[in-house]
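Top line first, the protein sequences correspond to chains A and B. Taking the working numbering, the leading residue of the first sequence gets 139, the next gets one more, and so forth. Taking the working numbering, the leading residue of the second sequence gets 2, the next gets one more, and so forth.
To be clear, the hints were calculated from the coordinates, so they are not data collected in a lab. Each statement offered as a hint is correct.
Quick partial rundown of chain A residues pointing at chain B, CB under 7 Å, derived from the structure:
| # | residue |
| --- | --- |
| 1 | Asn190 |
| 2 | Leu196 |
| 3 | Asp219 |
| 4 | Ala223 |
| 5 | Tyr228 |
| 6 | Leu236 |
| 7 | Gly238 |
| 8 | Gly248 |
| 9 | Ala250 |
| 10 | Gly252 |
Label-pair restraints from in silico Cβ distances:
| # | chain 1 | residue 1 | chain 2 | residue 2 | range |
| --- | --- | --- | --- | --- | --- |
| 11 | B | Ala262 | A | Pro216 | 51 to 61 Å |
| 12 | B | Phe389 | A | Gly172 | 37 to 47 Å |
| 13 | B | Ala20 | A | Ser327 | 42 to 52 Å |
| 14 | A | Thr152 | B | Phe389 | 16 to 26 Å |
| 15 | B | Ala20 | A | Gly283 | 34 to 44 Å |
Since the model is a prediction, treat every value here as computed from it, not as a measurement. We put the beta carbon where it would ideally sit given N, CA and C, even for glycine.
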Amino acid sequence: MPLLEIRNLRKSFTLPDGGRHTIMDVPSFALEAGQHLALQGSSGSGKTTFLNLIAGILTPDEGSLLLAGKDLASLSEPQRDRHRALHVGYIFQTFNLLQGYTCLENILLGMAFGPGAQRARALDLLNAMNLADKAHHRPRQLSVGQQQRVAVARAVANDPKLVLADEPTGNLDPANAAAALQLIRKTCSDSGAALLLVSHDPKVLSAFDQVQDLSNINRASPGGAP
Amino acid sequence: MILGWMVRNSLRQHALSTAVTTFSISLATGLLMAVWVVKDQSHAAFTGFTGGFDAVLGARGSKLQLVLNTIFHLEDSPGNMAWQDFLDIKQHPNVELAVPLALGDNYRGYRIVGTSEEFFHKSMLGPGKKLSLQSGGRWFDPTLREAVVGSVAAQRVGLHVGDTFQPYHGLLFDEKSQHEEIYLVVGILEPSNTPADRVIWIPLEGVQLMGGHSAESATQVSGALVRLKAGAATTGFHLDLLYNKQGNRLTFAWPIGRVMAQLFDKIAWFDRVLALVAYLVALVASASILASLYNSMNERRREIAILRALGARRSTLFGAIIAESALIAALGALAGFILYAIIAGLAAIIIRAQVGIILNPLTPHWIMVAAPAGMTLLGALAGLAPAFKAYRTDVSENLAPHS
Chain A
139 MPLLEIRNLR
149 KSFTLPDGGR
159 HTIMDVPSFA
169 LEAGQHLALQ
179 GSSGSGKTTF
189 LNLIAGILTP
199 DEGSLLLAGK
209 DLASLSEPQR
219 DRHRALHVGY
229 IFQTFNLLQG
239 YTCLENILLG
249 MAFGPGAQRA
259 RALDLLNAMN
269 LADKAHHRPR
279 QLSVGQQQRV
289 AVARAVANDP
299 KLVLADEPTG
309 NLDPANAAAA
319 LQLIRKTCSD
329 SGAALLLVSH
339 DPKVLSAFDQ
349 VQDLSNINRA
359 SPGGAP
Chain B
2 MILGWMVRNS
12 LRQHALSTAV
22 TTFSISLATG
32 LLMAVWVVKD
42 QSHAAFTGFT
52 GGFDAVLGAR
62 GSKLQLVLNT
72 IFHLEDSPGN
82 MAWQDFLDIK
92 QHPNVELAVP
102 LALGDNYRGY
112 RIVGTSEEFF
122 HKSMLGPGKK
132 LSLQSGGRWF
142 DPTLREAVVG
152 SVAAQRVGLH
162 VGDTFQPYHG
172 LLFDEKSQHE
182 EIYLVVGILE
192 PSNTPADRVI
202 WIPLEGVQLM
212 GGHSAESATQ
222 VSGALVRLKA
232 GAATTGFHLD
242 LLYNKQGNRL
252 TFAWPIGRVM
262 AQLFDKIAWF
272 DRVLALVAYL
282 VALVASASIL
292 ASLYNSMNER
302 RREIAILRAL
312 GARRSTLFGA
322 IIAESALIAA
332 LGALAGFILY
342 AIIAGLAAII
352 IRAQVGIILN
362 PLTPHWIMVA
372 APAGMTLLGA
382 LAGLAPAFKA
392 YRTDVSENLA
402 PHS
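Turn these sequences into a full structure, and let the hints guide you.
In structure tokens:
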């Protein structure tokens, strides 16, 4: 059974004129446990919406979305929150680190909503990211590359079954981007987590063995499959 | 633990607005507590202190003025009464004790009151508590120009046993109106925490025969403190009828506590205004929590969205905002005790200096629990709107970047 299995998923938004705009229409999509897959798509193709649906941040209008054996559409919001905290790691383009917290606290907070904060594991992760001496620094005191590493550490802190990465290198220079990508893939491989990365950057996509075009998955994206 | 982190970080991030809001809450809490404690304690002190007497007899006029003048040594005398009137009340079969008082002079602003030795020996400051002298002193000889000085008056004007002084005419100090008579201080009262501490006591005849006083004053007194015999329950009613209803020369102020209670009834509006001010400050302080947290929600939308993306429940964030709001109010309420101590302490100092009555701001009072608890609850309620805003924050809209 795949780790992630999507069937007939549809999502639409209300337009300012009152009409409905369908942004996601995915007949089927699957991701196996431990699989690394890159999705390419242009701006407005629904990449972030797709990831937010998989994370349970958004709920589909129709269809089923099974993650780790549970249909997110059938879960209540608090149950989805819990499911997300336990099974999904999320890496954002802008890192989305909490500026008021230290690096260590950022990781601990991510753990606290899941299985519980474990200081030793958080410190181990920072150490693995070569950030042991930055544990008590705030994100703004770090370089962008270091911030991305903290974000990666936070995403894998709960040993998630699935890591979602939304343009994770979009804010990095080429050298840092390559390093960050390598780190994300290695970290996921080490922990056995599946990785679903979305990007429109050819360099990023070229690092993956498996790349799919979102327009082939999402019939609602511009130029999507009929 | 998560709530603790979130609240602590938010307070730290918004330190200035937290400090300002906390101060306004502390001001409200301190004011509320001070208004209630000073009101209740001063009411109890003024209506409860009688010096061990039941009534005051004096010239025709206001009962309140008579009590304030003879018991609390405030206000002007409503006039004098004849010595014979004093003898009549003293000899009444149901009167246990009548002590004459005569006044009309001061020493550097502190009242000089003429009385008999009975005043010292039979005044009751409380159960089993009487006036006493500091070591090295003695009571005055009624036939001599001697004085016993209250502890506050002695300290303020610098009089010691063995010192002499010349009284000034009138109740207000005027350097030009000094009497020629010289009085010797023979005793200083131990602090009694009563109005007696602010008075310079001399023999009754000293005031009556002071140079410059009218010839009539030699046969008059300003009033008489009256103690009724125990068990003579109807005597007060009888004398009230006799002097106040049937007669028209004298005033019988009885019972002293009820007369003073009338004063508080008259100034009750002032208490209500003070309480209203305190309530308004509390309301404004709570509103400032609401405004400060509500405004901060805009800048915290992204943080809230990130926390939600990490798995935080809406209810957790809602609780964190309520906890933050309540904590700000609770910190303010705690700090309110400092402001309370300052406000109530100053009020107590002023009341003691002006009247001689001691208030104790440290005495437990229900408002010391109710005000902090009420402010904390009000603070928590003020957090409802911001918490609801946090609760409704759309995660996907506030997680950048969008595609």
